[in-house]
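K.L.:
Please assemble the complex out of the two chains, which come individually in their own frames, going by the hints.
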Amino acid sequence: MSETELNDGEEGIFDGCFYVWVDVTKKYMSGNKEKNFNDYEKIKKRN
Amino acid sequence: MELEESITQFRSFDGNQLDLFDVKPEKYGATVMVVSEIWGLTEFIKSFSRRLAREGYRVIAPNLYSRPEDREILTEEKIMDTMRPMWSLPPDKRRDPESIKKIMENLNEDGKKIFTLISEKRLEMEKRMLSDLESLYRLQKKDNEKIGIVGFCMGGGLAFQLSTELEFDASAIFYGASPRNIEDMKNIRGALLCIYAGEDSGINATIKDVAEMVSKYKLNFEMKMYPGTYHAFFNDTGMSYNKDASEDAWERLLFFYRRNLQ
Chain G
520 MSETELNDGE
530 EGIFDGCFYV
540 WVDVTKKYMS
550 GNKEKNFNDY
560 EKIKKRN
Chain Y
7 MELEESITQF
17 RSFDGNQLDL
27 FDVKPEKYGA
37 TVMVVSEIWG
47 LTEFIKSFSR
57 RLAREGYRVI
67 APNLYSRPED
77 REILTEEKIM
87 DTMRPMWSLP
97 PDKRRDPESI
107 KKIMENLNED
117 GKKIFTLISE
127 KRLEMEKRML
137 SDLESLYRLQ
147 KKDNEKIGIV
157 GFCMGGGLAF
167 QLSTELEFDA
177 SAIFYGASPR
187 NIEDMKNIRG
197 ALLCIYAGED
207 SGINATIKDV
217 AEMVSKYKLN
227 FEMKMYPGTY
237 HAFFNDTGMS
247 YNKDASEDAW
257 ERLLFFYRRN
267 LQ
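Chains G and Y supply the protein sequences, listed in that same order. Throughout the first sequence, residue numbering follows my numbering, covering 520 to 566 in sequence. Throughout the second sequence, residue numbering follows my numbering, covering 7 to 268 in sequence.
Mixed in with the good hints there might be a few duds.
In silico DSSO-like pairs for lysine-lysine, Cα to Cα no more than 30 Å straight-line [stated by the list, open to error]:
(1) Y:K230 with G:K546
(2) G:K545 with Y:K127
(3) Y:K119 with G:K545
(4) G:K546 with Y:K108
(5) Y:K214 with G:K546
(6) G:K546 with Y:K107
(7) G:K545 with Y:K230
(8) G:K545 with Y:K249
(9) G:K546 with Y:K119
(10) Y:K192 with Y:K148
(11) Y:K148 with G:K546
(12) Y:K118 with G:K546
(13) G:K546 with Y:K99
(14) Y:K107 with G:K545
(15) Y:K214 with G:K545
(16) G:K545 with Y:K52
(17) Y:K119 with Y:K107
(18) Y:K230 with Y:K152
(19) Y:K118 with G:K545
It should be emphasised that the hints constitute simulated quantities derived from the structure, not laboratory data.
Same shape as in the complex, but just chain Y (with noise of 0.2 Å):
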């Protein structure tokens, strides 16, 4: 299937013009909107991106990092720099002012930078790149069209907040956060996969509380946990990659888009 790719770009809520990365075959149905983990718009993203669009979506991907401050600091090797001397913190050292100036110390000015975002911007930056993907949202979502969302890691936890507060017919969710108030999860209209590692505690510690609202207000919910396997495990370029995982739930992705996108 031929598909047809673009690099564009589209107004966020603040005047800023991002990145979005636009692939669809010449015939589609329905618009998926990808949200990348923290790594930003890699080439996993992209290659993810065109095999979705060949089983008939316009998918449309956002560099949530293309504001011209953002685009020279926000970068994978940067950020993955900024995380090596974390791995001596023990968790509950994370929020410690003290460990935090050591750590800091060793840093280089980029590393500082992504460390202030991580720490006290850190609600600044997750409230904006929500605001962005609703830019991004209002401005494709069509009346006689239906919409899906998916996201990875922290792509994820975005895509799950989002889906309570605007409405998508189909939202996946890879091993990504809760919403903080699970409450919120009241205003899902659409359906909603999940997607879990098995070893991945810190994500699915709060399954059972998903599992509790999904029975409150009876949504449309599917859930699969892969034992065994390890956090973004469907990133095939990544370290933790599992094959017969990841294509385990590409199949249950496609099935869910189409069951509810079609």
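Excised from the complex, chain G in its bound form (with noise of 0.2 Å):
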């Protein structure tokens, strides 16, 4: 198993995800567009 450490800043895969999806969310539920998680589908459906 790799025994490389994360310098200071460096992203893991981990960390690195999850702030990826914080750009995601924030793209398509910040503001007025606030929707739950996986409801896109329903909503796409209903309208």
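P.N.:
Here's what the structure looks like:
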């Protein structure tokens, strides 16, 4: 198993993914576009 | 095609029993491990696994969040709730102690636990998940049977990293981070398929490094970029789902596995 440590400020797989999703959810859900996660498809079918 | 489906458990490196979603047809040729997005073992992962099993594979998807202390904390909803306060934080403040302190003050207890995993324990989490996947691999790998892996987002990064450490016959990475030590790619023995979303700048920043390693070590490599799509475009339950790109990626995945797992 890789023994490489993370340097300060360096992103790993787990936190890197978290922050990618912060950007995705901000894009689709912030402001008046607020929707619950995975409700997108239900809303699309209802409209 | 009739499928047999179950949720069993497997013993991981630290003695914990983790849940394993296992779906297979009556006859199958190879096994494929599915590594989930940060949301864990969701309906998307289960439906994708069933879909792949119908093509003649045994498909196993571990729940990397099924330790007793994680089950009630690392849920899709709670992870999402922890993300919301981060919207106000610009990327250059993500590691700033003062900014993090302010965010933490406004989180509930579960949010604080999740955020601690994201920040100070992030490498520990990564190593733990890789070790869980390695344990599963060693339990499932049979000498006379091919094994593949596919990962989405966080799962893509984990699958990519794992492919530099263990021998898979075919590894498919959907918008996943490249290995941090990019030279580790020299250890990849099987075939590699990388799928990228055009508007996924963070993930795509290291494609050039991947290409350099592919050329340097003459890897068996395929890549497809889908212009105009966003991160997680393949998840048909999610916000950035793109039907056309997903259908194309699905066909490429099947072709890739047919050539390398059969």
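K.L.:
The structure should be examined with respect to each hint, and the outcome stated for every one.
P.N.:
Each hint tested on the structure:
1. Y:K230 with G:K546: holds (24 Å)
2. G:K545 with Y:K127: holds (24 Å)
3. Y:K119 with G:K545: holds (22 Å)
4. G:K546 with Y:K108: holds (22 Å)
5. Y:K214 with G:K546: Since the Cα atoms of Y:K214 and G:K546 sit roughly 26 Å apart, the hinted pair holds (cutoff 30 Å).
6. G:K546 with Y:K107: holds (24 Å)
7. G:K545 with Y:K230: Holds, because 26 Å separates the two Cα atoms, which is no more than 30 Å.
8. G:K545 with Y:K249: holds (22 Å)
9. G:K546 with Y:K119: Answer holds: G:K546 to Y:K119 is near 25 Å, not above 30 Å.
10. Y:K192 with Y:K148: holds (24 Å)
11. Y:K148 with G:K546: violated (44 Å)
12. Y:K118 with G:K546: Holds, because 24 Å separates the two Cα atoms, which is no more than 30 Å.
13. G:K546 with Y:K99: holds (18 Å)
14. Y:K107 with G:K545: This hinted pair holds, its Cα atoms lying about 21 Å apart.
15. Y:K214 with G:K545: holds (27 Å)
16. G:K545 with Y:K52: holds (26 Å)
17. Y:K119 with Y:K107: Measuring from Cα to Cα gives roughly 13 Å; hence the hint holds.
18. Y:K230 with Y:K152: Measuring from Cα to Cα gives roughly 24 Å; hence the hint holds.
19. Y:K118 with G:K545: Distance of about 20 Å is within 30 Å: holds.
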